[in-house]
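So you can see what is in the structure, the chains are spelled out below.
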Amino acid sequence: MSSHASKTAWWLPEIPKSALMRRRMLWAYVFVSAPIVALLVFLLGPILFSGWVSLHRWDMLSPVNEMPWRGLSNYSYLLTKDPVFLKSLGNTFLFAIGGVGANTALGLGFALLLNSRIRGRTVWRVLYFMPVITAPLALAVMFSFIFNRNYGVVNNVITAFGLPRQPFLSGPSQALMTLVFIAIYQYVGYYIVIFLAGLQGIPQDYYDAAQVDGAGKWQEFRFITLPLLRPVMLFVVVTNTIGALQVFDLVFATTGGAPANSSMTVVLHMYNTAFKFSRMGRASAMAFILFAIIMLITIVQVRLLRDRTYQD
Amino acid sequence: MNEGKRGRAIRYLLVILVMFLIIAPFYWIYSSSLKVSTEIVAQWPTLFPESVTFGHYANLLSSSDYPIYLTNSAVVSFATMVITVVLSTSAAYGLYRLPFPGRKTIYRLILLAYIFPGSLLLIPLYVMLSSLNLLDTQLALVIINVTFAAPFSVWLLKAFFASIPFELEEAASLDGASWLQTLLRVVLPLASPGVASVAIFAFVTSWTEYMFASVLIISDANRTLPVGLAGIIGQYVIDWGLLLAGAGATTLPIILLFVLIGRFFVNGLLEGGVKA
Numbered sequence: 000m001s002s003h004a005s006k007t008a009w010w011l012p013e014i015p016k017s018a019l020m021r022r023r024m025l026w027a028y029v030f031v032s033a034p035i036v037a038l039l040v041f042l043l044g045p046i047l048f049s050g051w052v053s054l055h056r057w058d059m060l061s062p063v064n065e066m067p068w069r070g071l072s073n074y075s076y077l078l079t080k081d082p083v084f085l086k087s088l089g090n091t092f093l094f095a096i097g098g099v100g101a102n103t104a105l106g107l108g109f110a111l112l113l114n115s116r117i118r119g120r121t122v123w124r125v126l127y128f129m130p131v132i133t134a135p136l137a138l139a140v141m142f143s144f145i146f147n148r149n150y151g152v153v154n155n156v157i158t159a160f161g162l163p164r165q166p167f168l169s170g171p172s173q174a175l176m177t178l179v180f181i182a183i184y185q186y187v188g189y190y191i192v193i194f195l196a197g198l199q200g201i202p203q204d205y206y207d208a209a210q211v212d213g214a215g216k217w218q219e220f221r222f223i224t225l226p227l228l229r230p231v232m233l234f235v236v237v238t239n240t241i242g243a244l245q246v247f248d249l250v251f252a253t254t255g256g257a258p259a260n261s262s263m264t265v266v267l268h269m270y271n272t273a274f275k276f277s278r279m280g281r282a283s284a285m286a287f288i289l290f291a292i293i294m295l296i297t298i299v300q301v302r303l304l305r306d307r308t309y310q311d
Numbered sequence: 000m001n002e003g004k005r006g007r008a009i010r011y012l013l014v015i016l017v018m019f020l021i022i023a024p025f026y027w028i029y030s031s032s033l034k035v036s037t038e039i040v041a042q043w044p045t046l047f048p049e050s051v052t053f054g055h056y057a058n059l060l061s062s063s064d065y066p067i068y069l070t071n072s073a074v075v076s077f078a079t080m081v082i083t084v085v086l087s088t089s090a091a092y093g094l095y096r097l098p099f100p101g102r103k104t105i106y107r108l109i110l111l112a113y114i115f116p117g118s119l120l121l122i123p124l125y126v127m128l129s130s131l132n133l134l135d136t137q138l139a140l141v142i143i144n145v146t147f148a149a150p151f152s153v154w155l156l157k158a159f160f161a162s163i164p165f166e167l168e169e170a171a172s173l174d175g176a177s178w179l180q181t182l183l184r185v186v187l188p189l190a191s192p193g194v195a196s197v198a199i200f201a202f203v204t205s206w207t208e209y210m211f212a213s214v215l216i217i218s219d220a221n222r223t224l225p226v227g228l229a230g231i232i233g234q235y236v237i238d239w240g241l242l243l244a245g246a247g248a249t250t251l252p253i254i255l256l257f258v259l260i261g262r263f264f265v266n267g268l269l270e271g272g273v274k275a
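Residue numbers (numbering that gives the first Met the number 0), protein chains in the order written: chain D, 0 to 311; chain P, 0 to 275.
Where hints are given, some of them may not hold.
Chain D is nowhere near these chain P residues, computed Cβ spacing over 10 Å in every case [as the list claims (entries may be wrong)]: (1) A41; (2) Q42; (3) S50; (4) A73; (5) A149; (6) T250.
Here are the simulated SDA-like pairs of lysine to any residue, each with C-alpha atoms no more than 25 Å apart in a straight line [as the list claims (entries may be wrong)]: (7) D/K80 / D/S261; (8) P/K4 / D/E219; (9) P/K103 / D/L303; (10) D/K216 / D/N114; (11) P/K4 / D/Y206; (12) D/K275 / P/I9; (13) D/K216 / P/I9; (14) D/K80 / D/S172; (15) D/K275 / D/M59; (16) D/K80 / D/F247; (17) P/K4 / D/A209; (18) P/K103 / P/E166; (19) D/K86 / D/N114; (20) D/K275 / D/L303; (21) P/K103 / D/K275; (22) P/K103 / D/E219; (23) D/K216 / D/T103; (24) P/K4 / D/P202; (25) P/K103 / D/T103.
Source of the hints: derived by calculation from the structure; they are not laboratory data.
Where a beta carbon is used, it is the ideal one built from N, C-alpha and C, also for glycine.
Kindly produce the complete structure, drawing on both the sequences and the hints.
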C-alpha cells in the first residue's frame, strides 16, 4: 500500500495536464452531461419513486398523489405473511448459487484445459457465444421441447435405456434444477472464452520463474493463475450473480413458476404481483428487498475478489 | 514431444466437444421445425427430417404477424444501436480523454448504473413512460434499451480510449487539425474495434429484450419478436411445429448477424473487458 495509490485513480487513465487538454475541459462537460442526465432521469428518479410507492397501496389506476399510505406494512407482509415470496427468494438463491457456481467452475475448468494456442479461434469463439445472443424466450421454447415429458428427446433417450420418464420442467422437484441446467448451457461457452482470454493475458515469464523455483502445477495455479485472474473472476462472478438473481424471461416462458411455485423466482413474482394483480406497492417493496440483497452480495463479492496486488 | 502432441489432440477434441454440445440444441430445434407435425412428437425421434417441410414457417407467416414483429425488432434494435453508440462514445471520450473535476465520481456512477439490477426499474419506468404517454410506442423501447445498454458500453470503451497515446492528439493539433477533426479522424478510428462491439452489444441487447417490451407494448402492431413469440407460447393448444418455427425464426436473423460480424464483438469484449 503506497500513498501513491490513494492519490491517483488506477481505474481511470491518467491525462496529461497540457494547455491543449485544459482548453478541452469545457467539452468534457458537454460530452458527459447527456449520459448523466439520462442516469438521473432513468435510474435515480425511478428508484426514488419506487421507494415511495413501496410505502403505499396502489393499483396504478388511482392518481399517484392519492395513494393510501401503508408505511412499512408491504415489507412486513412480504417477510412474514407471503409464503410465495419467501419460497421465490429461496428458489432464486438456489438458482443463483447453482448457476453461478457451475458456470464459474466449468468456465474456468475448461479454460484451463484449453489454455494454449488453438486454431480456428474466431470460429469457435463465435459459436460459444451463440446461446448468449439468443433471446432467452427462444431458448425457453427450445428447452421446453427438448425436456418435454412426453416427446422430448431427452426422455426418448432415457426411456430407450429402459429408465422411467422424467418430468423435468413439469416436476416439482426437478423444475428448478432443469432451469439451472439451461442457465449453464446459456452462459458456459461465454465464460470459457472470457476465462481463456484472462489466462492468456498472464505472462508466461511467471510460470517459467515458478518452474525454476520448482513449483508444482497446483502451486502455479494457486499462487500465479488464481491471483492474476482476480479481475476476470470478479467480472464473471459479479455480473453472473446479478443476472441470476434477476432471472425472469427463462422462468416466465418455461414453467411460469409452476408446479406449485417450485420454480417461482423473485422477479417473476414481482412481475405477476404488479401486472397481473395490480399491487404496485407490494411489488415495489419486493424490488427493494431484492435490490438490497443484490447490493449486499455484490459488495461482499467485490471485497473478496478485488485485485489487491494492483498497487505495485 | 509425444506428450505435447497428445495434449494438443485432447484440447482440440475438447473444443469440438463443447462446440457440439452448444450447437446440438440449435440443430435439434431447426431440424425439428422442418418436420411434419406427427414426426415432431414421434415416439422415436428422427435425426434428420424424413421429408423437409416449410409448412410451419408458412403457418407462422399466416397465423401471426411475424413480418411486422421482425420489422419492429429491426427498427427498435437499429435505433438503440445508433443512439447507444453516439451517447457512449461521446461519454467515454469525455471521461477517458478529457480532464475535468468530478470525473471519478461520474465514472463510479456509470459503473453503479451498470451493475444496477435493471428489472427492479420495471414498475417505476412503466409508470413514468405511461405518464409521458409513451406506452405502446417503439420510442419507449428504444429509451429503455439505451438506458440499459449504455453504461456497459461506456465501461467497455475504457480500454480502447485509454490505449490511444495522447501524443497523437497533440501532434494532430500541432498540424493544425481542429479539435473535432482530431476526434473524428484520429481518436475514433483507433477506437473503432470498441465502437463496433458496442454497436453489436446494443443491437443484441435490444433484439432479445422481453420483460420491458411485454409490459410497454400493448397492440399487436407494435410487438417485437420476443413478445410475438410469447404470444405463441401463451396459446391454449400447443402447436410445437409453430412454436419451433417461431423460436427458430426469432433467432435466425441474430445468428446470421453474429456469424458475419460476431468476431468483432467477441474481440472487442475481450480487449475492452478482460484485458483492461
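Hint by hint, here is what the structure shows:
With a cut of 10 Å on Cβ distances, P/A41 falls inside the contact zone with chain D, its closest approach being about 7 Å. Distance to chain D contradicts P/Q42 as a non-interface residue, since its nearest Cβ pair spans about 7 Å, not more than 10 Å. With a least beta-carbon separation of about 19 Å from chain D, P/S50 lies farther than 10 Å from that chain, consistent with its non-interface assignment. Listed as a non-interface residue, P/A73 keeps its Cβ farther than 10 Å from every Cβ of chain D; the least gap is roughly 14 Å.
A beta-carbon of chain D comes within 10 Å of the beta-carbon of P/A149; the shortest separation is about 6 Å. The claim that P/T250 lies off the interface is violated: its Cβ sits roughly 5 Å from the closest Cβ of chain D, which falls inside the 10 Å cut-off. With a C-alpha separation of about 18 Å, the suggested pairing of D/K80 with D/S261 holds against the 25 Å cut-off. Under the criterion of a C-alpha separation no larger than 25 Å, the hint pairing P/K4 with D/E219 is consistent with the structure, at around 22 Å.
A distance of roughly 23 Å separates the Cα atoms of P/K103 and D/L303; the hinted pair therefore holds under the 25 Å criterion. Using a Cα cut-off of 25 Å, the hinted pair D/K216 and D/N114 holds, with the two alpha carbons roughly 14 Å apart. Annotation: proposed proximity of P/K4 to D/Y206 holds, straight-line Cα distance about 21 Å (limit 25 Å). A hinted pair counts as satisfied when its Cα atoms are at most 25 Å apart, and D/K275 with P/I9 does not qualify at roughly 52 Å.
Of the pairs offered as hints, the one joining D/K216 and P/I9 holds, with about 18 Å between alpha carbons and a cut-off of 25 Å not exceeded. A threshold of 25 Å between alpha carbons decides the hint, and for D/K80 with D/S172 the separation of about 24 Å falls inside it, so the pair holds. For the suggested pair D/K275 and D/M59, the alpha carbons sit about 12 Å apart, so the restraint of at most 25 Å is met. With a C-alpha separation of about 23 Å, the suggested pair D/K80 and D/F247 falls inside the 25 Å cut-off, and the hint holds.
As the CA atoms of P/K4 and D/A209 are separated by approximately 24 Å, the hinted pair is consistent with the 25 Å bound. A distance of roughly 23 Å separates the Cα atoms of P/K103 and P/E166; the hinted pair therefore holds under the 25 Å criterion. Straight-line distance between C-alpha atoms of D/K86 and D/N114 comes to about 41 Å, which puts the hinted pair past the 25 Å bound. Simply put, D/K275 and D/L303 have alpha-carbon atoms about 40 Å apart, too far for the 25 Å limit, and the pair is violated.
Note on P/K103 and D/K275: the hinted pairing is violated, with a Cα-Cα distance of about 42 Å set against a maximum of 25 Å. For the proposed pair P/K103 and D/E219, the alpha carbon gap of about 36 Å is over 25 Å, so the pair is violated. A C-alpha spacing of about 20 Å is found between D/K216 and D/T103, which places the hinted pair at or below 25 Å, so the restraint holds. For the hint linking P/K4 to D/P202, the alpha-carbon distance of about 23 Å falls within 25 Å, and the restraint holds.
Restraint check for P/K103 and D/T103: the C-alpha separation of about 30 Å exceeds 25 Å, so the hint is violated.
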